[in-house]
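The numbering of the sequence shown is this note's numbering, which starts it at 7 and goes up by one.
Derived by calculation from the structure, the hints in this document are not laboratory data. None of the values given here were measured: they were computed from a predicted structure. One should not assume that every hint holds.
Unchecked claim - Cross-link-like lysine-lysine pairs, in silico, PhoX-like; alpha carbons within 20 Å at most:
(1) Lys-176 to Lys-196
(2) Lys-196 to Lys-172
(3) Lys-196 to Lys-142
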Amino acid sequence: MPISTRPSAYGCGHSEIVLGDALRNHPDIAIATKIGLGINSETRQLTGPINAPETIRQTIDASRKRLGRDRIDLVLHHNNELPVDDARPAFDMLAELYEDGIIGAYGWSTDLPESAAAFADHPGFTAVEHAANVLKPASNMVAAVENLNLLALIRSPLAMGVLGGKYDAKTQFGTDEIRGSNPGWQDYFKDGRIAETYLGQINDTRDILTANGRTLAQGALAWLWARTPNAMPIPGFRTPAQVNDLCGALAHGPLTQDQMNEIETILDRPDEGPSKAA
Numbered sequence: 007m008p009i010s011t012r013p014s015a016y017g018c019g020h021s022e023i024v025l026g027d028a029l030r031n032h033p034d035i036a037i038a039t040k041i042g043l044g045i046n047s048e049t050r051q052l053t054g055p056i057n058a059p060e061t062i063r064q065t066i067d068a069s070r071k072r073l074g075r076d077r078i079d080l081v082l083h084h085n086n087e088l089p090v091d092d093a094r095p096a097f098d099m100l101a102e103l104y105e106d107g108i109i110g111a112y113g114w115s116t117d118l119p120e121s122a123a124a125f126a127d128h129p130g131f132t133a134v135e136h137a138a139n140v141l142k143p144a145s146n147m148v149a150a151v152e153n154l155n156l157l158a159l160i161r162s163p164l165a166m167g168v169l170g171g172k173y174d175a176k177t178q179f180g181t182d183e184i185r186g187s188n189p190g191w192q193d194y195f196k197d198g199r200i201a202e203t204y205l206g207q208i209n210d211t212r213d214i215l216t217a218n219g220r221t222l223a224q225g226a227l228a229w230l231w232a233r234t235p236n237a238m239p240i241p242g243f244r245t246p247a248q249v250n251d252l253c254g255a256l257a258h259g260p261l262t263q264d265q266m267n268e269i270e271t272i273l274d275r276p277d278e279g280p281s282k283a284a
């Protein structure tokens, strides 16, 4: 069972401490974490991008200490658009840490096919995290990762909650929330409401996604599993009920090819996924 954490975003290291305490007696549970942004765990503030090899080693050592583990199962470089040449020293260091047994595998969190392929021949390079969902299928990324036979960790599988079934046309977010502040890197929400285009697409495909007793969120995950066998969606959650709903998708499995084809005849959406969506 894998669990993903992101120390730079989730409490500046606090999430790793919580997971380390909770999973101390469960070595069978795999943990993935990220590097790429420096953190101050005392002030819980970000200190800027990191890419220097020695800093990466120190960052991973700090994560191991917080997690209480000698080895981290998977480490992802979380710098989406870092040029390949600039990233090379970092991935050379990750390969070295893999050879030393400090990390079990590593990869890149990126939405660029050329970046996904750049270090696929490095020993231990196993995974790529990228955005994809039924509204934004990220066809080029899916094909690139599948052709490289890498694990696809799917970010934004529920489109920031648009596909979660909780929000509707009446839902309004304030400007103090990410869904209400109109950040340039996402277009799922406009002025605090789900964008009309996506509302229409969900309404048009809801019956297919929720067929056979699935919830909308379960249908969104089922679409990804049918899209590529390499997909491991990593949806966010806050409550036990959400966890139960997401785990319930496993009992249903992927959509059928007929259902996938029907969705494609209905939807008119951009081929590529968001470049920076979390």
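Consistency of the hints with the structure:
1. Proposed proximity of Lys-176 and Lys-196 is supported: the alpha carbons are some 13 Å apart, at most 20 Å.
2. Only pairs whose Cα atoms come within 20 Å are accepted, and Lys-196 paired with Lys-172 is accepted, the gap being roughly 17 Å.
3. Among the hinted pairs, Lys-196 with Lys-142 is consistent with the structure: their alpha-carbon atoms are about 17 Å apart, no more than 20 Å.
Of the numbered hints stated above, none is contradicted by the structure.
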